[in-house]
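Here are the chains, one letter per residue:
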Amino acid sequence: MSIDAHPALPEFDYLKPKTLEEASQFLAEHPGEARPLLGGTDTFVRMRDGLWKDKYLVDVKGLEGMSAISFKLKEGLTIGAAVSMNRVAADANVRKHYPLLVEAIETVASYQLRTRATIVGNICNASPAGDTIGACLLYDGVLNVHGMDGLRREPLASFFQGPGATVLNPGDIVTSIEFPIPPKGTVGKYIKFGRNNRGDLAIVGVTVAGHPDKDKASGYRIRLALASVAPTPLVVDEVENTLSQESITDERLTQAAQAAMEAAKPIDDTRGSARYRKMMARNLSQRALQAVWEQLGK
Amino acid sequence: MALHRISLTLNGELEQVDVPSNWTLLQMLRQTLAVTGTKNGCSSGECGACTVLLNGEPVNSCMVLAVECDGAEVVTVEGLADDGRLAPVQQAIMEAGGVQCGFCTPGVLISAHALLERNPSPTEGEIKDALVGNLCRCTGYFRIIEAVKAAAAIKV
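Protein sequence lines, in the order shown, are assigned to chains V and B. Under my numbering, the first residue of the first sequence is numbered 968, with each subsequent residue one higher. Under my numbering, the first residue of the second sequence is numbered 69, with each subsequent residue one higher.
One chain only, chain V, in its complex shape (with noise of 0.2 Å):
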């Protein structure tokens, strides 16, 4: 061991193509060893631990539409691939419209990190401890892919598969996430329940989205995703039924995180059990509704 000990990254080749057909071409054609490349702050990580072994990292930052955030009234925010989690942090459109995306971009680990890391990237990572991506759920977020196809749409709905896993294929590339404008009165929540006060990846974390309905029953529509207690980031429809049919009182919140706790299916890791998640999952849930239901003017 050297003096001056620092685990290397493995080798690999770094490529910087100018454009995005160039860049999905390459992708295409080397799949399985070779990996686009935004902040890097999970990739480099997994590189380090042996357990992505990429001999190429294709730096696709620099790409038509990556960098840009943009913000209409009538139809909503675009956020480009490359944007550091900072910097749509303190975007006030952002602040003002989407502010559980605010919310939530402030747990995750460090400022520092957070000049680097991405939403996309937290997305297309997909570990369902994500910090973001719940609140990119609750907002209807739809990327927008660039592949060997050309361009195409893909909801956040219907976009995870598993721990790591999304519908994306070799060649495949983010270039951003689109939001429509939030229903009028939305509120929201994000708890992130870590080891420690900030800084931790989320043991539970619960985004909690609600607003005035009048098509429901019980004149709200709220809505709840959890981190960290399933394969995937978790919409929970159960709450939103369990809230949105009878008037809302202190027992359906109860009931609805109730809901929330059956829903989750977390394992045993490093950071808690399964048991001690779906307690936490439904006491969390418990405060995230119960915040939501008081901002919403209750």
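None of these hints come from the bench; they were simulated from the model. Think of the CB as a built atom: it goes at the ideal place given N, C-alpha and C, for glycine as much as any other residue. One thing to keep in mind: the hints can contain errors.
Within a straight-line C-alpha distance of at most 20 Å, the following computed SDA-like cross-link-like pairs (lysine to any residue) qualify [to be verified]:
| hint | chain 1 | residue 1 | chain 2 | residue 2 |
| --- | --- | --- | --- | --- |
| 1 | V | Lys1245 | V | Ser1211 |
| 2 | V | Lys1041 | V | Lys1028 |
| 3 | V | Lys1020 | B | Ala70 |
| 4 | B | Lys196 | V | Asn1163 |
| 5 | V | Lys1022 | B | Ser89 |
| 6 | V | Lys983 | B | Pro88 |
| 7 | B | Lys196 | V | Ala1057 |
| 8 | V | Lys1028 | B | Ala140 |
| 9 | B | Lys196 | V | Lys1022 |
| 10 | V | Lys1022 | B | Ala140 |
| 11 | V | Lys1022 | B | Leu76 |
| 12 | V | Lys1028 | B | Leu76 |
| 13 | B | Lys196 | V | Asn1164 |
| 14 | V | Lys1039 | V | Lys1020 |
| 15 | V | Lys1181 | V | Pro1149 |
Simulated coverage check for chain V against chain B, where a stretch passes if three residues somewhere in it have a Cβ under 8 Å from a Cβ of chain B [what the hints assert, rightly or not]:
| hint | stretch |
| --- | --- |
| 16 | 1010-1023 |
| 17 | 1065-1072 |
| 18 | 1078-1090 |
So these bits of chain B aren't anywhere near chain V, every CB distance computed over 12 Å [claimed, not checked]:
| hint | residue |
| --- | --- |
| 19 | Ser111 |
| 20 | Gly124 |
| 21 | Glu146 |
| 22 | Ala149 |
| 23 | Pro156 |
| 24 | Met162 |
| 25 | Ser189 |
| 26 | Asn202 |
| 27 | Arg205 |
Chain V is already provided as a structure; the job is to place chain B on it using the hints.
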């Protein structure tokens, strides 16, 4: 493995370096450019001992490829003092006694300096949030936080 010729500005000076694809910014700083103030603590972007400014913003240099820094401006702890005059965070951390072994200190100074650039009058909570990614095993953080408060007062 390919070599890439890159140019960057380091603490105000233009540097041209040939780097392998897999080298990190941290490796290039310590091993090629011989600015060893920046330390390696964890090699995984968690401890912040390797924190430097990249285009004005703090990053974990162990998590940035050297080749990604072509055309970039990098500031390390060596670049905080202005012609020998210590930056407020440097002066304040000495006066507050916020240094013991000193290993976390370069990263702390960079993160704290960047905080005061973007938020000249931070609350204690904002200071703590800004330093989440700078771990210290020695001080218990109290005097580091006091130092940042004092530095903010110097600037104001």
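Outcome of the hint check:
1. Lys1245(V) <-> Ser1211(V): violated (24 Å)
2. Lys1041(V) <-> Lys1028(V): violated (28 Å)
3. Lys1020(V) <-> Ala70(B): holds (17 Å)
4. Lys196(B) <-> Asn1163(V): holds (13 Å)
5. Lys1022(V) <-> Ser89(B): Holds, at roughly 11 Å.
6. Lys983(V) <-> Pro88(B): holds (14 Å)
7. Lys196(B) <-> Ala1057(V): holds (18 Å)
8. Lys1028(V) <-> Ala140(B): This hinted pair holds, its Cα atoms lying about 15 Å apart.
9. Lys196(B) <-> Lys1022(V): violated (39 Å)
10. Lys1022(V) <-> Ala140(B): Between lysine 1022(V) and alanine 140(B) the Cα gap is close to 25 Å, so the pair fails against 20 Å, i.e. violated.
11. Lys1022(V) <-> Leu76(B): It is violated: about 26 Å lies between the C-alpha atoms, which goes past 20 Å.
12. Lys1028(V) <-> Leu76(B): Distance ~18 Å between lysine 1028(V) and leucine 76(B) Cα, so the pair holds.
13. Lys196(B) <-> Asn1164(V): holds (11 Å)
14. Lys1039(V) <-> Lys1020(V): violated (41 Å)
15. Lys1181(V) <-> Pro1149(V): The given pair, whose Cα atoms are some 15 Å apart, holds under the 20 Å limit.
16. 1010-1023: holds (count 3)
17. 1065-1072: violated (count 0)
18. 1078-1090: Result for this restraint: holds, n = 5.
19. Ser111: Non-interface label fails for serine 111(B): nearest chain V Cβ at 5 Å, not farther than 12 Å.
20. Gly124: Violated: least Cβ distance 10 Å, not greater than 12 Å.
21. Glu146: For glutamate 146(B), whose nearest Cβ neighbour in chain V is about 17 Å away, the distance exceeds 12 Å, so it holds.
22. Ala149: With a cut-off of 12 Å, alanine 149(B) remains clear of chain V, as the shortest Cβ separation is near 21 Å.
23. Pro156: Holds, because the least Cβ-Cβ distance between proline 156(B) and chain V comes to about 19 Å, which exceeds 12 Å.
24. Met162: holds (23 Å)
25. Ser189: Correct as stated: the minimum Cβ-Cβ distance to chain V is 17 Å, above 12 Å.
26. Asn202: Answer for asparagine 202(B): violated, closest chain V Cβ roughly 8 Å.
27. Arg205: About 15 Å separates arginine 205(B) from the closest Cβ of chain V, which puts it past 12 Å; holds.
Checked against the numbered hints given earlier, the structure breaks hints 1, 2, 9, 10, 11, 14, 17, 19, 20, 26 and satisfies all the rest.
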